[in-house]
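Chemist: Residue-level listing of the chains:
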Amino acid sequence: MPAVAETRKTVETLGQNTYKWGFETDIEMDIAPKGLNEDTIRLISSRKQEPQWLLEWRLKAYRSWLEMREPTWAKVHYPPIDYQDVHYYAAPRKKPGPKSLDEVDPELLRTYEKLGIPLHEQAMLAGVELPEGQEARPPVAVDAVFDSVSVATTFRKTLQEAGVIFCPISEAVRDHPELVRKYLGSVVPVTDNFYAALNAAVFTDGSFVYVPKGVRCPMELSTYFRINARNTGQFERTLIVVEEGASVSYLEGCTAPMRDENQLHAAVVELVAMDDASIKYSTVQNWYPGDENGKGGIYNFVTKRGACRGARSKISWTQVETGSAITWKYPSCILQGEGSVGEFYSVAVTNNHQQADTGTKMIHIGRNTRSTIIAKTISAGHSDSTYRGLVRMMPKASGSRNFTQCDSLLIGDQCGAHTVPYIESRNMSARVEHEATTSKISEDQLFYCRQRGLSEEDAVGLIVNGFCKDVLKELPMEFAVEAQKLLQISLEGSVG
Amino acid sequence: MNALTPVGVNASAFLDRDDGLAGASQRKAAEFLRHAGLPRAGVEAWKYTTLRTLADVPFATAPRNVNDGPVDTLLAEIETISGLGAGANRAVFVNGYFDAARSRLPANVRISTGAGADVAEDGIDPAGDVTTALNTLLARDGLDLVVPEGVDAGCLLLVSIGITADDAPVSFHPRHRIVVEKGGRLAVLDASVGQGHYLHNPLYDIAVADKGYLSHARIQAEGALAVHLAVSHAHVAADGVYDSFTLTLGGNLSRHEVHAGLTRSGAHVHVNGAQLLTGRQHGDLTSVITHAAPGCVSRQTVKNVLSDQARGVFQGKILVERVAQQTDGYQMNQALLLSDGAEIDAKPELEIYADDVKCSHGATVGALDDDQLFYLRSRGIPDDVARSMLIRAFLHDVVDEVADLRLKDSLNLAVEAWWKREAA
Chain A
1 MPAVAETRKT VETLGQNTYK WGFETDIEMD IAPKGLNEDT IRLISSRKQE PQWLLEWRLK
61 AYRSWLEMRE PTWAKVHYPP IDYQDVHYYA APRKKPGPKS LDEVDPELLR TYEKLGIPLH
121 EQAMLAGVEL PEGQEARPPV AVDAVFDSVS VATTFRKTLQ EAGVIFCPIS EAVRDHPELV
181 RKYLGSVVPV TDNFYAALNA AVFTDGSFVY VPKGVRCPME LSTYFRINAR NTGQFERTLI
241 VVEEGASVSY LEGCTAPMRD ENQLHAAVVE LVAMDDASIK YSTVQNWYPG DENGKGGIYN
301 FVTKRGACRG ARSKISWTQV ETGSAITWKY PSCILQGEGS VGEFYSVAVT NNHQQADTGT
361 KMIHIGRNTR STIIAKTISA GHSDSTYRGL VRMMPKASGS RNFTQCDSLL IGDQCGAHTV
421 PYIESRNMSA RVEHEATTSK ISEDQLFYCR QRGLSEEDAV GLIVNGFCKD VLKELPMEFA
481 VEAQKLLQIS LEGSVG
Chain B
1 MNALTPVGVN ASAFLDRDDG LAGASQRKAA EFLRHAGLPR AGVEAWKYTT LRTLADVPFA
61 TAPRNVNDGP VDTLLAEIET ISGLGAGANR AVFVNGYFDA ARSRLPANVR ISTGAGADVA
121 EDGIDPAGDV TTALNTLLAR DGLDLVVPEG VDAGCLLLVS IGITADDAPV SFHPRHRIVV
181 EKGGRLAVLD ASVGQGHYLH NPLYDIAVAD KGYLSHARIQ AEGALAVHLA VSHAHVAADG
241 VYDSFTLTLG GNLSRHEVHA GLTRSGAHVH VNGAQLLTGR QHGDLTSVIT HAAPGCVSRQ
301 TVKNVLSDQA RGVFQGKILV ERVAQQTDGY QMNQALLLSD GAEIDAKPEL EIYADDVKCS
361 HGATVGALDD DQLFYLRSRG IPDDVARSML IRAFLHDVVD EVADLRLKDS LNLAVEAWWK
421 REAA
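Each protein sequence line maps, in turn, to chains A and B.
Letter by letter, the first sequence follows residues 1 to 496 of UniProt numbering.
Letter by letter, the second sequence follows residues 1 to 424 of UniProt numbering.
Some hints here could point you the wrong way.
[Said to hold, decoys possible] Not close to chain A: a few residues of chain B, all C-beta gaps over 10 Å, as computed:
| no. | residue |
| --- | --- |
| 1 | VAL9 |
| 2 | HIS35 |
| 3 | ASP99 |
| 4 | ALA101 |
| 5 | SER103 |
| 6 | ALA107 |
| 7 | ILE124 |
| 8 | GLY279 |
| 9 | PHE374 |
| 10 | GLY380 |
| 11 | PRO382 |
| 12 | GLU401 |
| 13 | GLU416 |
[What the hints assert, rightly or not] Think about it this way: if two alpha-carbon atoms lie no more than 25 Å apart in a straight line, the pair counts; the simulated BS3-like pairs of lysine-lysine are:
| no. | chain 1 | residue 1 | chain 2 | residue 2 |
| --- | --- | --- | --- | --- |
| 14 | A | LYS361 | B | LYS317 |
| 15 | A | LYS295 | A | LYS485 |
| 16 | B | LYS317 | A | LYS75 |
Just so you know, these hints were derived from the structure itself, not from any lab.
Glycine is no exception: its CB is placed at the ideal position from the N, C-alpha and C atoms.
Bound-form chain B, shown alone (with noise of 0.2 Å):
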């Protein structure tokens, strides 16, 4: 392969961006993308995704001050969908910047804004893949949160919202950082909503002490015609427990991709989610698990509903390291199709290199089951109503799986919003 000639499609709209900074991990980054380019299909981790429509995007930095009005009213939005109201914690990033005004940080945690020269400490490759990689050039601010030994910091909301002024398309990358120190607790809320053409790639760094617990669960709400490019790296140490959960409603074109460590025993992941998706929505959720570590969990159920000529992706890893004796690891990935123009791509993949392991994986595609759809029929309900039970009973599988109730909450609000929605 000729190392000068990109693989992908170029990314000089990115690259040209005279804002960059010139640190080391960015300069990496950049003559990673320089190399790699925007990954279009073919290259086996973006299989089923192509951003070769990004390239052709003249995609500027986004502007730090926007109007009130659409802001108030899109976080309005988001205490409706989570159910987590004025008085909950929160911080708030507009266009990628922290926003004071509208935040309400908790007092028991060690909490600072900015992102930057971070960048070149935090240990995570700027060249690793294509998402991390753009972060790296362009993160300009992001939430730097740590949970202190043996602190139970309660419910955060972490809130996103894009906006874009005219109509040219901007582009922001808040890199967040959330530690969670021994035998800390953290439950995040995540949500992101906006308006107009934009690009919101956010990173998060996340990384759970011996024992601490940090339940993630994220709320992909973007504007129609947003372009939502996440990439998580977390690191689970013993008997930690990483929870996390994406539940992908809105956007044109997303992907969530997540990289999960598991680096002392007893550490536990949970990787889920639920993609419901309409009109042309693609959507994308990868991750790569890594059991690092003997005697250690991942658990990981993700669900598809598709209707119209939308598109699901899933791409789910799990790679067990020789070293990673008796680990128990499963995969779940379901796919519902409602209409005949929807697709499904779905890869799920075991890697395993340790011999005294319990690994599975499971998957099914179809359309709803015609017997139970008989059943309800059967005893008077009508269609509409039978189809929508069971489509809601096919999600509640896979939200129930999260165990902090006010997060699990939220997740069965902001589904019942959607399905509102479409039902309507």
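Next up, chain A with everything else stripped away, as it sits in the complex (with noise of 0.2 Å):
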């Protein structure tokens, strides 16, 4: 951005009451005391009434996570975490459900109100049985985990129907343990990572989706993350398993109250897509970033990755990152399947004192794969965001094309923006091509729109939608419009 001084003075007097999901609900909670070993470990799992090899595979997690090291390859900087400062369970008290929306928890309904949610959907959510009838066949199923816990799922019958398994992984291992033990953990190895291992280690819940062979899922699946207890970290685990020619979208959106302490979140997500299947999956992630002075705010630390293990499956990712006060998060496709398609399209906002490290990996193993990364980077304020990519070409994916293009955007002249790709190449017929640019918005454009009437903000909102739009477009409707509003109010004051 070209150091106007208004809009440099806006940044400075910017709130934080910009941060519009920074509420905070009051309801009993069922808290695990602080600090992590093996009896934590046995302690979550007996709560959550697991089978013996869960818990073996938690203490295998457990006891490889305490041989790894933090990675500090990223470009981000922290305070050493206290791992055994943090709650590592936190649930909503249990009692019987209820019959109407009257006797739920009223701060549980006040939560869901501000998500924005549909009163039906709430009273689903809630747990309410509805009169036979009363349900209008509705767009989008909505799992919400709460803190660590899935509190509901809705639309449950017509997925049934469908033959969709779509309920929470705790659910998930009581009544498919066949499909969870088969699948958990062979993307994301319990040892792939120091984050992963943790998750694996200590994960409370999650979402559970398999979608049988040839079947195409009746309505998008989403997820609502939500950090609420103090102290809390949030170890979901999501696991989607698309069999032979059966396809799915996913949406996944996360917020969290606003807090002085940082709070840990540390997900993993599991993708599996079998011949012809193909999986969408959309992230809005908007937890709260910290105040003006980078003080709170949630540590995003994700491992996210597909197996294309099919013929001609296809994984796409999409995301929209405007919060947390440091992400590091690199959703990957691994493209086994002969023909495989990977996808990644990403929109990183930071502002303020926010670090992002986020980008993909696409690893081509298989003949004629293809690969496409689109990543928009905007930086304002004393923000850092750099995008980090690894696309790698394994010997036997003869044929294999990759695409990339990340563009950068400054805004201010105290933030950085950086774009580190690695490229690796094994296979002489495969074709790997990047691209990059980094500049500031364009006085030309901005001088275009003013002209014509428009705000310096509405014209800088105009550009800087202009420049997510490859992105944006991949997004279904119900998360382009709320993307498109939260790019305009995460960089609210820093444009003017």
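Using the hints, build the complex out of the two chains.
Modeler: Here it is in structure tokens:
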């Protein structure tokens, strides 16, 4: 951004009231004592009435985590995390199921309302049984994860008829152990990295999706993650398995209340796509980024990986990252099946003192695999934003293609935008193309808009939205609108 | 991280050599090497090149006196490769020591040789990186050249010849300083050749003052067993130009690390290069271009042509500091893989803290374009000739970036000679 004095001034005066999700819900919680040891893991496991094999799996992860070092290669800086100062389990206290909305904890309802969930979905989320016929067929099925526990899943019946399983992963462990056991940890092994191992040891809930052969999931599936309790880490685990010829579109939204302390979030998401299957995974992440002085906010250390196991399978990641104090996230695709396709579309916006180190990995193993990476990075305030992406062509990936485009936009002269692509090719017929640019908003564009009567803020909003268009158009409708609004909110104050 | 255990491979093979000078810089370098060790894969700055094999080789100090026969043969080879005959100004180093008898120094510059005492004062951090630390610890000689204000010093051939008398591996670590004062000009053709098992670890301390011009082309044609670890530290002042080119042809394992700083407005830096590798050769070109002043320009084009099981590495970082508004930075990295065993690892990197900049980079990796081949074949050109035309055209693009015509001719000759040898 050209150093317009008023722009700078607004950046400086930007208050923390811009974070509209900064509410805290006061409901009764069941919280494990702080600290992490084998007893904590046994406690989590027994609270969730897990089978023995899962406990063993968790303990194995914990033991390897103890041997691992926290990664330091990312371009993010934060004080050391005391992993013993975190609650590893927090759940809303169980009560018998309510009969109507009136019986539901009003605080919980208020939370849903603030999250923008429509009333009839609120009722379902809260576990209220609605009379038959009142269930107008909704477009989106929701699984809400409230702190560590999945609170409710809507529209299960409709999904059941289609043969789709969409439930909390803790429930899937109980009801579909053979599926969970087969796929859990098969994409992200417990020893994969420091945070993934930690997640495997202490994960408390998350969503499980199974789409059987040939089924096109009748609606978009959605999860809300919300961190509520103080000093809790949220370690959810998502597993999506899509069988031959099936497809699913999955949305993930994240919010957290405003807090001074930094809260830890280390999730793992695993996707498995068989022959001709397709998975579209969209994320809008607007967790609390901390205040204008960089105090508080979420540490978002997430491992997301999809395996295109089948021929012609496709996994597409779309993310709009505007939140979190620190983001460390690389949604990846392992393109194993012949002719499989991986896509990554990302918008990462940082403002104030946020730090984001995000990107993707495309590992081409099979023949004729293709991948596309479009990453847009916007930095404002005192923030630092890094695109870090790996494209690897393995020796057998003949005829494979990759195209990568990374564009960075700097708004103000106190921020940083960085691009670190890694290109590794071991196959001569594979082709990799990468291009990256860094620039500010052009004076010409700004002048053009201002001349036509747009305010500076609207003009910048328009230009930024245009800059991100390639990515935003990949989002499902419900999210595209929200994402555009989010971009505006995140950059509020920094762009005039 | 425990500060007492080295992150890399134990460097004691170098640290235990008792010919070390005990100045403050050498002590600092030794301490750094003791702690950091020789990098193994996984250290971010050495992500694709490991020096762990060096730890097992008992490199000894290279002897000053060697047989004339092989030296003269290798010198003649350089004359052929570069096209610069015996009449050209040249500074010859054999096993890292200045060879006055074979050298012919230009008259209009201040020139001296030797290193050691100077190391402490040249301002290069002995503990900045492993290549610099090794050189600081073991440098014994080098060229010290100053082009005075306003002088055009023409073209100088800087030759390094490495020879092992018997099969015992040796190492030498020349430390060169090239200063171009205000408005001065110089072109340096820097060629390294040799035979036997040796480590050549040169350091170039380069300063270009206001409106100065230095063109620096390196032809690395070391012997097949050689290890070549070069590092350049260049600083360019207002409206100065540093045009550097690295042509990597030889050696078993090689790396050239370039640190170029644009310290005043209007400075201009090129860090170009080409790596032509075959067999099991490993070549690494790593650069960090730091824009530390407003209105500077940097350009980088690096091409790799890799066949057999060769591995090419390119790591290029453009760092734009907060003060460096109006920076114009461009970086292009391309690799041609000619066989399925070849590997390219590239990491072009932009680190940008100023907003009013124009920075971009591009990278492509692939085989020869089938359409282009078809075009040539359909006009009756045989397959091997068509391939050779396309590969040479690919290389021509980057050599053409060198502005100094003498150096450009030499580089073209060297590429041609390499091509003939490979085609044979």
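Chemist: With reference to the structure, classify each hint as holding or not holding.
Modeler: Verification of the hints:
1. With a closest Cβ-Cβ approach of about 19 Å to chain A, VAL9/B is found to remain outside the 10 Å limit, as its non-interface label requires.
2. No Cβ of chain A approaches the Cβ of HIS35/B within 10 Å, the least distance being about 16 Å, so the stated non-interface status holds.
3. At roughly 42 Å, the least C-beta separation between ASP99/B and chain A is larger than 10 Å, which holds for a residue marked as non-interface.
4. No Cβ of chain A comes within 10 Å of the Cβ of ALA101/B; the nearest lies about 48 Å off, and the non-interface call holds.
5. The claim that SER103/B lies off the interface holds: its Cβ sits roughly 43 Å from the closest Cβ of chain A, which is beyond the 10 Å cut-off.
6. Every beta carbon of chain A lies more than 10 Å from that of ALA107/B, the smallest distance being close to 47 Å; the non-interface claim holds.
7. Every C-beta of chain A lies more than 10 Å from that of ILE124/B, the closest at about 26 Å, which supports listing it as non-interface.
8. The Cβ of GLY279/B lies farther than 10 Å from every Cβ of chain A, with a closest approach of about 16 Å, so its non-interface assignment holds.
9. Distance check on PHE374/B: its Cβ is at least 15 Å (rounded) from any Cβ of chain A, clearing the 10 Å threshold; non-interface status holds.
10. No beta-carbon of chain A comes within 10 Å of the beta-carbon of GLY380/B; the shortest separation is about 26 Å.
11. Against the 10 Å criterion, PRO382/B stays outside the reach of chain A, whose nearest CB is about 21 Å from its own CB.
12. Annotated as non-interface, GLU401/B keeps its C-beta farther than 10 Å from every C-beta of chain A; the closest such distance is 19 Å.
13. Look at GLU416/B: its CB is around 24 Å from the nearest CB on chain A, clear of 10 Å, so calling it non-interface holds up.
14. Annotation: proposed proximity of LYS361/A to LYS317/B holds, straight-line Cα distance about 20 Å (limit 25 Å).
15. For the given pair, LYS295/A sits about 24 Å from LYS485/A by alpha-carbon distance, which is consistent with the 25 Å threshold.
16. Of the pairs offered as hints, the one joining LYS317/B and LYS75/A holds, with about 14 Å between alpha carbons and a cut-off of 25 Å not exceeded.
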